[in-house]
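Colleague: Listed below, chain by chain, are the residues.
There are 2 protein chains.
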Amino acid sequence: MELKFYNSLTRKKEEFIPIQEGRAGMYVCGPTVYGDAHLGHAKSYISFDVIVRYLRYLGLDVTYIQNITDVGHLTDDADEGEDKLAVAARKQRIHPMALAEHYTASYFEDMDKLNCVRPDISPRAAAHIPEQIEMIEVLIEKGFAYEVNGSVYFDVSKFPEYGKLSGRKIEDMQSGHRIDVASEKREPVDFALWKKAQPNHIMQWNSPWGKGYPGWHLECSVMSMKYLGKTIDIHGGGLENKFPHHECEIAQSEAANGCLFVRYWLHNNMVTVDGTKMGKSLNNFINLKQVFTGDHERLSRAYSPIAARMLVLNSHYRSPLDFSDAALTSAQSGLDRITVAVKALRKAIKTAASSEADSKIIERLDESKSRFEAAMNDDINTSVGLSVIYEMVKMTNEVLDANPSRETLEAIDNQFRVLGGDVLGIVLDSYEDTNASDDGLLDHLMGFIIEQRALARENKDWALADKIRDTMAEFGVVFKDSPNGTTWQKK
Amino acid sequence: MELKFYNSLTRKKEEFIPIQEGRAGMYVCGPTVYGDAHLGHAKSYISFDVIVRYLRYLGLDVTYIQNITDVGHLTDDADEGEDKLAVAARKQRIHPMALAEHYTASYFEDMDKLNCVRPDISPRAAAHIPEQIEMIEVLIEKGFAYEVNGSVYFDVSKFPEYGKLSGRKIEDMQSGHRIDVASEKREPVDFALWKKAQPNHIMQWNSPWGKGYPGWHLECSVMSMKYLGKTIDIHGGGLENKFPHHECEIAQSEAANGCLFVRYWLHNNMVTVDGTKMGKSLNNFINLKQVFTGDHERLSRAYSPIAARMLVLNSHYRSPLDFSDAALTSAQSGLDRITVAVKALRKAIKTAASSEADSKIIERLDESKSRFEAAMNDDINTSVGLSVIYEMVKMTNEVLDANPSRETLEAIDNQFRVLGGDVLGIVLDSYEDTNASDDGLLDHLMGFIIEQRALARENKDWALADKIRDTMAEFGVVFKDSPNGTTWQKK
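Taken in sequence, the protein lines are chains X and S.
All residue numbers for the first sequence refer to the working numbering, where the first residue is 109 and numbers rise by one.
All residue numbers for the second sequence refer to the working numbering, where the first residue is 109 and numbers rise by one.
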């Protein structure tokens, strides 16, 4: 049973064979840090997080690089407009690097909450100016790039494979472009490697072509090469970056290095909110901090970050995902079911008697695991993976009613930790047990009160027994009487 | 009343007058990210954190830059030895930039816990290679630096003021150096601006002098200039960096720019542990994560990060500080006193009746504030600042017994928030009230139990009243009876 990825480059599912046995290098296009991360970021980075986790589960030594774009990303996503960071920084009257610092920290804060593992390296575009200049020099030397007025452009006509990722034809692209008489490019489809800076441009560096800054596409070619080599195993990113961003990356890297750039191109699909593309003017633009606090008019409540993670994993990474309050509510309730079961399991482990593990349960666990792996091997089918976790919840609840041995419970818990924890990142290693918070004092007090109530009933002091029950009901606590005694829970 | 700093450069206390009215630029030497932050880092970064906070309290618009050293810091802290990150990365068999990423994240995690505000920009040395090369070019052009075999050195003899910060004389330094016949430097006191890289050196960049990497001292000159300008208001750092690091920074910057580099040089003193300099071989090397978990043979328990912060603020930043288990215990108990008082104050605010604030209390608060400011204005005397907070604790406990108005309590709380919170960073805006955790249920239950006990006493059911008291004592809860009723607290 092998891991297969749908490779956007070949447009088919292919077995994943890394360049170096036992290792995998993966590069994912990271955020442009000029605002708080939103639902689109959650979709992309949770998707690739699970891929990294699954590769590691399979025993691969993964190097995971995800860049931080702090310079060069222009407002129109192509070669025109202003630098997105410079615009935002000017509004706040701070240095663009202070803006980058703030939103980089904000990004990692959100990703940590979503339980995404940190990339091994998060290289910054502005931290790799010499390397970018050097790649441009190579491209000029090899005839793939030309300088005009202090800017340098990639000459798409010199790279006949341009379009191989997106399936676009150069001729169609040329004719599709609006005629821009003012352009200094030879052809509209050419793209910027280096842009001449206006004197008042705050982020600029010296180069052989004068003061300027790198084009947006270049950083990914340069930083992936620096940290992973000229040919890398996996490149991930959002579908919206397939063209022109990734197409341009391929052109630059393959032209400069003369070898294949990326073996497996993986693209996550996009998100909608309440069925519509997110847009600030539509009032459906929701950032992650708003999801975590519930502070948005489209949200009825705060959701746990792991519930947002569940919602992403509920659909395939290559499928579009619609966020809505209802979908989040449903994900939260699914997560709660899993969490309650795992907590009950772990509580039971503490008191269960030791004896051999139940072989039937072990067999069922092995079957679950096989189905989980088969789903994940099939281009990371996380929704089937999640369904296996739900089956394990069902199994847990059955087993807990049947006086299981500690070994049986531990085997189930271990599988929750590995498949639900290590791979999917939705089962945590430890939970704050809210009922047992404050050093168990709450439980002690409730035990005492339950005892007083039992005494009152024994003494036929119905007034006191009722008073205790009613007062607790006021506090939101309900008693459940059974032949084995009385338990309590919060409404 | 003006703020005065002890300026290491002039060796006297001087009034702080910023270059630009209403603004202050401050640069602090940050960590070399090849290991977890330890007690020495806490001393330095808490000290400068309070300085930043106090400048902001005074209404200044502060830009706070603190670098991250990820390349060029050699194992002997001077021009010889290996790169500290490269050595550590090789041991772990990862890329030095992955090591830097890991320990940068670890550093900020610890600093966040210590309640240090994030610097506005945390520039990385490796992210400023072009700027470093450019400054070297200027120094060569102006005759302050020379190239030998692909390395570039600063010619100390060309900068007669070398030694002005540390008070050392060039002649003494020259004769004091051991004679190193193999050295390619003109004089032993010269220092590296650029080091030629051996072919197997993993972090290297192209330069006009061939492949190499920047000298350690250079980054701070370059990054402070980039983000704060050629002359900066304040430069901070540990005393151990006064020479050679800061002396070299002055030489480079002033030689290159032809103007004063730093107006106010501030140096924090160093730490000892149990009276001895920290050293891995002495088993007294304690990192911050160990303080927070208590996981070190010299520690009897875990300490809250804010207790470690208290300990640092208890002594002056220019005084040496001895960390010990006993000192941490004492800081923790001081912090607990403050926290208990502030919590009680905030609890009382919720139920206190509204009426005019007590003018005597307001007067006392104003006096406290004046003493606080006088102490802080006197070269940031945090231990006197802390003593003002303790006086406020005493005042709070007195006031709480005297049926105060909500306005009185709010005035006290506001002063706690500003002086203890905004400036010293030891009073938090919100506390998880452990007594009131779990939606206040604990408080409700205790209220109910206290009521039952009062009823029992009213009914002269001493057996029940005693039983309630004894059971609660078992749970670690003690009652405090007063004419106004009964309160409870955990032992």
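Misleading hints may appear alongside valid ones.
Put simply, identical chains are the same to the list, so a pair is met inside one copy or across any two.
Claimed, not checked - Only pairs whose alpha carbons sit at most 20 Å apart, straight line, appear in this in silico EDC-like list of lysine to aspartate or glutamate: (1) Lys-598 - Asp-551; (2) Lys-575 - Asp-589; (3) Lys-451 - Glu-566; (4) Lys-199 - Asp-169; (5) Lys-385 - Asp-430; (6) Lys-250 - Asp-382; (7) Lys-319 - Glu-242.
Treat the hints as calculated values from the structure; they're not laboratory data.
Colleague: Quick one: Lys-598 to Asp-551, C-alpha cut-off 20 Å, is that within a copy, between copies, both, or neither?
Modeller: This pair counts as both: shortest intra-copy Cα distance 12 Å, inter-copy 15 Å.
Colleague: Can you tell me if Lys-250 and Asp-382 fall within 20 Å by alpha carbon in one copy, between copies, both or neither?
Modeller: Cα proximity of Lys-250 and Asp-382: none, with 49 Å in one copy and 64 Å across.
Colleague: When Cα atoms must be at most 20 Å apart, do Lys-451 and Glu-566 count as within-copy, between-copy, both, or neither?
Modeller: neither (31 Å within a copy, 41 Å between copies)
Colleague: With 20 Å as the alpha-carbon cut-off, assign the pair Lys-319 and Glu-242 to within, between, both or neither.
Modeller: both (15 Å within a copy, 13 Å between copies)
Colleague: Cα distance capped at 20 Å. Does Lys-575 pair with Asp-589 within a copy, between copies, both, or neither?
Modeller: Close inside one copy (16 Å), not across copies (24 Å); limit 20 Å.
Colleague: Indicate which option fits the pair Lys-385, Asp-430 if close means a Cα-Cα distance not exceeding 20 Å: within, between, both or neither.
Modeller: within (9 Å within a copy, 59 Å between copies)
Colleague: Within, between, both or neither: how does the pair Lys-199, Asp-169 come out at a Cα-Cα threshold of 20 Å?
Modeller: between (43 Å within a copy, 16 Å between copies)
In terms of the numbered hints stated before, the structure departs from hints 3 and 6, listed from lowest to highest.
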